[in-house]
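A.B. asks: Residue strings, one per chain:
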Amino acid sequence: MRIDKDLVAASATPLVLGILTEGDLYGYAILKRVGELSGGGMQWTDGMLYPLLHRLERLGYVSSLWGTSDAGRRRKHYAITPAGREALADRQEQWAVVADALRQVWQSPPRPAAAVEGWA
Amino acid sequence: MTPHAELEAQIDRWRGYVQRRQAISPADVEELEDHLREQIADRQATGLDDEEAFLVAIKRLGNLDAVSHEFAREHSERLWKQLVLVPEGPDGAGTSPWRELAVVLTLAVGAGLAVKAGLAWIGDGDALMRSLGLLVFPFLAAYFAWKRRLTGAVAATLCIAFVVLAVVLNVYPFAKDGATQMLAALHAPVILWLLVGVAYVGGRWRSDKRRMDFVRFTGELAIYYTLLALGGAVLIALTSATFQAIGADFEPVLEGWILPLAMPGALLVATWLVEAKQQVVENIAPVLTRVFTPLTVVMLLVLLPVLATAGGLVDVDRNLLILMDAILVLVLCLLLYSISARDSVTVPGLFDALQLVLVVAALALDAVMLTAMVTRIAEFGYSPNKVAALGLNILLLVHLLRAAWLAFGFLRGRRPFAAVERWQTGYLPVYGAWAALVVLAFPPIFGFA
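These protein sequence lines are chains A and B, in that order.
According to my numbering, the first sequence is numbered sequentially starting from 1.
According to my numbering, the second sequence is numbered sequentially starting from 1.
For the record, the hints were derived by calculation from the structure and aren't laboratory data.
Warning: the hint list may mix true and false statements.
Here are the simulated lysine-lysine pairs, DSSO-like style, with alpha carbons at most 27 Å apart [unchecked claim]:
hint: 1; chain 1: B; residue 1: 386; chain 2: A; residue 2: 32
hint: 2; chain 1: B; residue 1: 59; chain 2: A; residue 2: 5
hint: 3; chain 1: B; residue 1: 147; chain 2: B; residue 2: 209
hint: 4; chain 1: B; residue 1: 59; chain 2: A; residue 2: 76
hint: 5; chain 1: B; residue 1: 176; chain 2: B; residue 2: 386
hint: 6; chain 1: B; residue 1: 116; chain 2: B; residue 2: 176
hint: 7; chain 1: A; residue 1: 32; chain 2: A; residue 2: 76
hint: 8; chain 1: A; residue 1: 5; chain 2: A; residue 2: 32
hint: 9; chain 1: B; residue 1: 147; chain 2: B; residue 2: 277
If we take Cβ atoms under 7 Å as the criterion, some of the chain B residues that face chain A in the derived model are [stated by the list, open to error]:
hint: 10; residue: 30
hint: 11; residue: 31
hint: 12; residue: 34
hint: 13; residue: 38
hint: 14; residue: 59
hint: 15; residue: 61
hint: 16; residue: 62
hint: 17; residue: 67
hint: 18; residue: 70
hint: 19; residue: 71
hint: 20; residue: 74
hint: 21; residue: 76
Ranges of calculated distance between the beta carbons of each label pair, as one might list FRET restraints [claimed, not checked]:
hint: 22; chain 1: A; residue 1: 86; chain 2: B; residue 2: 227; range: 43 to 51 Å
hint: 23; chain 1: A; residue 1: 69; chain 2: B; residue 2: 152; range: 42 to 50 Å
hint: 24; chain 1: A; residue 1: 67; chain 2: B; residue 2: 209; range: 37 to 45 Å
hint: 25; chain 1: A; residue 1: 82; chain 2: B; residue 2: 226; range: 47 to 55 Å
hint: 26; chain 1: B; residue 1: 52; chain 2: A; residue 2: 35; range: 13 to 21 Å
hint: 27; chain 1: A; residue 1: 43; chain 2: B; residue 2: 209; range: 55 to 63 Å
hint: 28; chain 1: B; residue 1: 343; chain 2: A; residue 2: 86; range: 47 to 55 Å
Ideal Cβ positions, reconstructed from N, Cα and C, are used throughout, including at glycine.
My request is simple: use the sequences and hints to build the entire structure.
C.D. replies: Encoded structure:
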């Protein structure tokens, strides 16, 4: 199942921040983790991750550090900051409200047709 | 050869492509490349060959335009390129940026002191005017000699040329307030500037591309120098107003020290700025050209009928002729700078046609001028001034005629743009040769009058 683009975009920030709470990661590893978590359903344009990470860095939610990969290449690692954790907690609350609302509306039994007529 | 040579070549090409995006910084390119290589390695692990892995990785990375757009949204400041004068870390060339700054400042102070010394020791106004360029331009040449690591032969040739010029300008027994000494003073800077050009191109003065670089450099230098001068003028005005308010006289210090030291020094600093920003900022001269080419066309079209109906070419004021010469030089500069910034593969467009109109209008003006000059010479006989003006006009005429012919061919699609460009850069040394003739040969020919 492919997830709608807008939904992917909306969930990108909390997802990346959430993944980074598991530990410091570099860009490609973050994307791999996204793939694992969504069973491949959330397809990002890989290149778009980096402007997002830079935005989060500018906002102070993540910090970055250049390290070296196993192959000896320079590699930028990202870590979540305390401000990032706060932002994540805030987003989690928002998403909880949204998810809860969605669940309620989807799980509630369909209204009887009479009620609809009653409004008319 | 490594087993993945073709893959490496592909990654290199991709990197070059990404690096051209202004919004993506070198560090970002590195980050993206690391990503690309990881992706490729993972694809290879699943059994894809190099090329397939590369294609998948590129596809996953996304449309470069869209990605670059995202980068630009996040880093809009990058579209305003920042001028980093003293870059961090070694630049690979081996010379530290601070050392370059030290060299520039030393040469700037040297040029300032040379002018100050000239003012103090060459009291005579005429001799000073002849030598002023000689006191400044060698420092500029020295900067490029250092920067481009000139070979001994080129450096020696330049030294000899400077010395010959210095000897001629100071040893020739010029008559006081004579025409030939005035002409020599006017033409010496042209020679000096071309000598600086030889140093600028690192001795490779036969190369069209290098010459064009020097043309670009000249335009940018003029603009930077003007900006520095404006800034300096503001500072001087504020200081002088303050001194006046407290009743002290600032003028002796200003005239005696600040101007003689600052004006040549600023030239060196402007040179260094242009060198430093070469890759960073859009060249300004071509932008100005775009604005002023149409305006100049209008100006020429207004001037032509005015001149043609003025009548009595013999009595035409000499100052008017000099003005017209200035206009022609301006037209040439407009032409040169728009050519310097034009991508030589784009097809001819409206602006090229406009340029042709400009050149043709300038040619018409030059024809009027030449008629006036020849009539004057026929009427009053030869004088050094008239011959020099006539010579310059003939040079300009040849330059413009051929430029118009080539531009016409280019507009009709008969000629590549490179031909137009080559003509412009190829003709430049002719002006140097003419200036050398005026400085070296005119005084003896006309008896130093």
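A.B. asks: Are the hints correct? Go through all of them and say.
C.D. replies: Do the hints match the structure? See the list:
{"no.": "1", "hint": "B:386 - A:32", "verdict": "violated (80 Å)"}
{"no.": "2", "hint": "B:59 - A:5", "verdict": "holds (17 Å)"}
{"no.": "3", "hint": "B:147 - B:209", "verdict": "holds (18 Å)"}
{"no.": "4", "hint": "B:59 - A:76", "verdict": "holds (22 Å)"}
{"no.": "5", "hint": "B:176 - B:386", "verdict": "holds (19 Å)"}
{"no.": "6", "hint": "B:116 - B:176", "verdict": "holds (23 Å)"}
{"no.": "7", "hint": "A:32 - A:76", "verdict": "holds (16 Å)"}
{"no.": "8", "hint": "A:5 - A:32", "verdict": "holds (18 Å)"}
{"no.": "9", "hint": "B:147 - B:277", "verdict": "holds (15 Å)"}
{"no.": "10", "hint": "30", "verdict": "holds (6 Å)"}
{"no.": "11", "hint": "31", "verdict": "holds (5 Å)"}
{"no.": "12", "hint": "34", "verdict": "holds (5 Å)"}
{"no.": "13", "hint": "38", "verdict": "holds (4 Å)"}
{"no.": "14", "hint": "59", "verdict": "violated (9 Å)"}
{"no.": "15", "hint": "61", "verdict": "holds (5 Å)"}
{"no.": "16", "hint": "62", "verdict": "holds (3 Å)"}
{"no.": "17", "hint": "67", "verdict": "holds (4 Å)"}
{"no.": "18", "hint": "70", "verdict": "holds (4 Å)"}
{"no.": "19", "hint": "71", "verdict": "holds (5 Å)"}
{"no.": "20", "hint": "74", "verdict": "holds (4 Å)"}
{"no.": "21", "hint": "76", "verdict": "violated (12 Å)"}
{"no.": "22", "hint": "A:86 - B:227: 43 to 51 Å", "verdict": "holds (47 Å)"}
{"no.": "23", "hint": "A:69 - B:152: 42 to 50 Å", "verdict": "holds (47 Å)"}
{"no.": "24", "hint": "A:67 - B:209: 37 to 45 Å", "verdict": "holds (42 Å)"}
{"no.": "25", "hint": "A:82 - B:226: 47 to 55 Å", "verdict": "holds (51 Å)"}
{"no.": "26", "hint": "B:52 - A:35: 13 to 21 Å", "verdict": "holds (19 Å)"}
{"no.": "27", "hint": "A:43 - B:209: 55 to 63 Å", "verdict": "violated (46 Å)"}
{"no.": "28", "hint": "B:343 - A:86: 47 to 55 Å", "verdict": "holds (51 Å)"}
In this structure, the hints that do not hold are numbers 1, 14, 21, 27, in rising order.
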